[in-house]
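Engineer: Single-letter residue listing:
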Amino acid sequence: KAGVTQTPRYLIKTRGQQVTLSCSPISGHRSVSWYQQTPGQGLQFLFEYFSETQRNKGNFPGRFSGRQFSNSRSEMNVSTLELGDSALYLCASSDAGLETQYFGPGTRLLVL
Amino acid sequence: GENVEQHPSTLSVQEGDSAVIKCTYSDSASNYFPWYKQELGKRPQLIIDIRSNVGEKKDQRIAVTLNKTAKHFSLHITETQPEDSAVYFCAARRNSGYALNFGKGTSLLVTP
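Here the protein sequences come in this chain order: A and B.
Counting from 1, position 106 in the first sequence corresponds to residue 106 in the numbering used here; the numbering is continuous, with no gaps.
Counting from 1, position 99 in the second sequence corresponds to residue 99 in the numbering used here; the numbering is continuous, with no gaps.
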């Protein structure tokens, strides 16, 4: 099976703009989780979607949102970008009933 | 919510020596503890995991131990090799769904 894919891989935005990132899970996986990775904070959980429903959310402001489509692909959106949003955004997918999370290559976002 | 602490943040060993990384978690309901290895510029890769009904698990040179009473788990790498150099993350499954709370990572350097 193909692995988790994320698009775009790199993105440069300016403060105040918004951005949408996309994640395609491994075929058959219904759970998609999103994480923000920064040098100082490590991997921080954003939210998890399962069968189009958000079932878990981390401690991030409302500017961070997401959704999942019927084919399990997921998007996350960040509005009113801040410099501190510069990070690697990783998504991971899991098969129902199995706990292992498989990560995508990430989208590196730079906010200027 | 779940808090995972990881030590040390950096670790340098000579090739052939052993390396040990320790993590503690706060939520006694956590039941799944994976370890990920992340090489520079790459996605995190699962290297080993353990469930709360098991005290120890081994896979070739890698082993993980879990002490549920003390709420800590450790990664042991024996006969280290230069290719083991990477950042290692411990994690604990959150209280619902498949998403994980991660430690802040240990940068392991194995010198020849």
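It is worth saying that the hints were derived from the structure and are not from the lab.
Quick caveat, the model's predicted, so the values are computed rather than measured.
Any given hint might turn out to be false.
[Said to hold, decoys possible] Here are the simulated DSS-like pairs of lysine-lysine, each with C-alpha atoms no more than 30 Å apart in a straight line: (1) B/K68 <-> B/K58; (2) B/K37 <-> B/K104; (3) A/K1 <-> B/K42; (4) B/K57 <-> B/K71; (5) B/K104 <-> A/K57; (6) A/K57 <-> B/K42; (7) B/K104 <-> B/K58; (8) B/K37 <-> A/K1; (9) A/K1 <-> B/K58; (10) B/K22 <-> B/K68; (11) B/K57 <-> B/K37; (12) B/K42 <-> B/K57; (13) A/K1 <-> A/K57; (14) B/K22 <-> B/K58; (15) B/K71 <-> B/K22; (16) B/K104 <-> B/K57; (17) B/K22 <-> B/K37; (18) B/K104 <-> B/K42; (19) B/K22 <-> B/K104; (20) B/K68 <-> A/K57; (21) B/K42 <-> A/K13; (22) A/K13 <-> B/K104; (23) B/K58 <-> B/K37; (24) B/K58 <-> B/K42; (25) B/K71 <-> B/K104; (26) B/K68 <-> B/K37; (27) A/K57 <-> B/K37; (28) B/K58 <-> A/K13; (29) A/K13 <-> A/K57; (30) B/K71 <-> B/K37; (31) B/K68 <-> B/K104; (32) A/K1 <-> B/K68; (33) B/K22 <-> A/K1.
Engineer: All hints are to be evaluated individually against the structure, with a verdict given for each.
Structural biologist: Okay, the hints, checked on the actual structure:
1. Using a Cα cut-off of 30 Å, the hinted pair B/K68 and B/K58 holds, with the two alpha carbons roughly 18 Å apart.
2. Restraint check for B/K37 and B/K104: satisfied, since their Cα atoms lie roughly 12 Å apart, inside the 30 Å limit.
3. The suggested pairing of A/K1 with B/K42 holds, with an alpha-carbon distance near 19 Å, which does not exceed 30 Å.
4. Taken as a hint, the B/K57 and B/K71 pair is honoured in the structure, with Cα atoms around 16 Å apart against an allowance of 30 Å.
5. Between the alpha carbons of B/K104 and A/K57 the distance comes to roughly 19 Å, so the proposed pair stays at or under 30 Å and holds.
6. For a cut-off of 30 Å, the pair hint linking A/K57 to B/K42 stands: about 25 Å separates their Cα positions.
7. Taking the CA atoms of B/K104 and B/K58, the gap is near 23 Å; set against the 30 Å cutoff, the hint holds.
8. Restraint check for B/K37 and A/K1: the C-alpha separation of about 21 Å stays at or below 30 Å, so the hint holds.
9. The hinted pair formed by A/K1 and B/K58 meets the criterion: a straight-line CA distance of about 27 Å does not exceed 30 Å.
10. Only pairs whose Cα atoms come within 30 Å are accepted, and B/K22 paired with B/K68 is accepted, the gap being roughly 14 Å.
11. Between the alpha carbons of B/K57 and B/K37 the distance comes to roughly 17 Å, so the proposed pair stays at or under 30 Å and holds.
12. Only pairs whose Cα atoms come within 30 Å are accepted, and B/K42 paired with B/K57 is accepted, the gap being roughly 26 Å.
13. Among the hinted pairs, A/K1 with A/K57 is consistent with the structure: their alpha-carbon atoms are about 28 Å apart, no more than 30 Å.
14. Note on B/K22 and B/K58: the hinted pairing holds, with a Cα-Cα distance of about 16 Å set against a maximum of 30 Å.
15. Distance hint between B/K71 and B/K22 is fulfilled; the C-alpha atoms sit about 11 Å from each other, no more than 30 Å.
16. For the suggested pair B/K104 and B/K57, the alpha carbons sit about 23 Å apart, so the restraint of at most 30 Å is met.
17. This hinted pair checks out: B/K22 and B/K37 have alpha carbons roughly 14 Å apart, not beyond 30 Å.
18. The hinted pair formed by B/K104 and B/K42 meets the criterion: a straight-line CA distance of about 17 Å does not exceed 30 Å.
19. Under the criterion of a C-alpha separation no larger than 30 Å, the hint pairing B/K22 with B/K104 is consistent with the structure, at around 12 Å.
20. A C-alpha spacing of about 26 Å is found between B/K68 and A/K57, which places the hinted pair at or below 30 Å, so the restraint holds.
21. In summary, the hint linking B/K42 to A/K13 is supported, as the alpha carbons are separated by about 22 Å, within the 30 Å threshold.
22. Under the criterion of a C-alpha separation no larger than 30 Å, the hint pairing A/K13 with B/K104 is consistent with the structure, at around 27 Å.
23. Using a Cα cut-off of 30 Å, the hinted pair B/K58 and B/K37 holds, with the two alpha carbons roughly 16 Å apart.
24. Pair hint B/K58 plus B/K42 holds up; C-alpha atoms about 25 Å apart against a cutoff of 30 Å.
25. For the proposed pair B/K71 and B/K104, the alpha carbon gap of about 17 Å is at most 30 Å, so the pair holds.
26. Only pairs whose Cα atoms come within 30 Å are accepted, and B/K68 paired with B/K37 is accepted, the gap being roughly 23 Å.
27. Note on A/K57 and B/K37: the hinted pairing holds, with a Cα-Cα distance of about 24 Å set against a maximum of 30 Å.
28. Under the criterion of a C-alpha separation no larger than 30 Å, the hint pairing B/K58 with A/K13 is inconsistent with the structure, at around 45 Å.
29. Under the criterion of a C-alpha separation no larger than 30 Å, the hint pairing A/K13 with A/K57 is consistent with the structure, at around 25 Å.
30. A C-alpha spacing of about 22 Å is found between B/K71 and B/K37, which places the hinted pair at or below 30 Å, so the restraint holds.
31. As the CA atoms of B/K68 and B/K104 are separated by approximately 21 Å, the hinted pair is consistent with the 30 Å bound.
32. Distance check on the hinted pair: A/K1 and B/K68 sit about 35 Å apart at the alpha-carbon level, beyond 30 Å; violated.
33. Our distance criterion of 30 Å between C-alpha atoms is broken by B/K22 and A/K1, whose separation comes to about 34 Å.
Hint compliance for this structure: hints 28, 32 and 33 are not met, and every other hint is.
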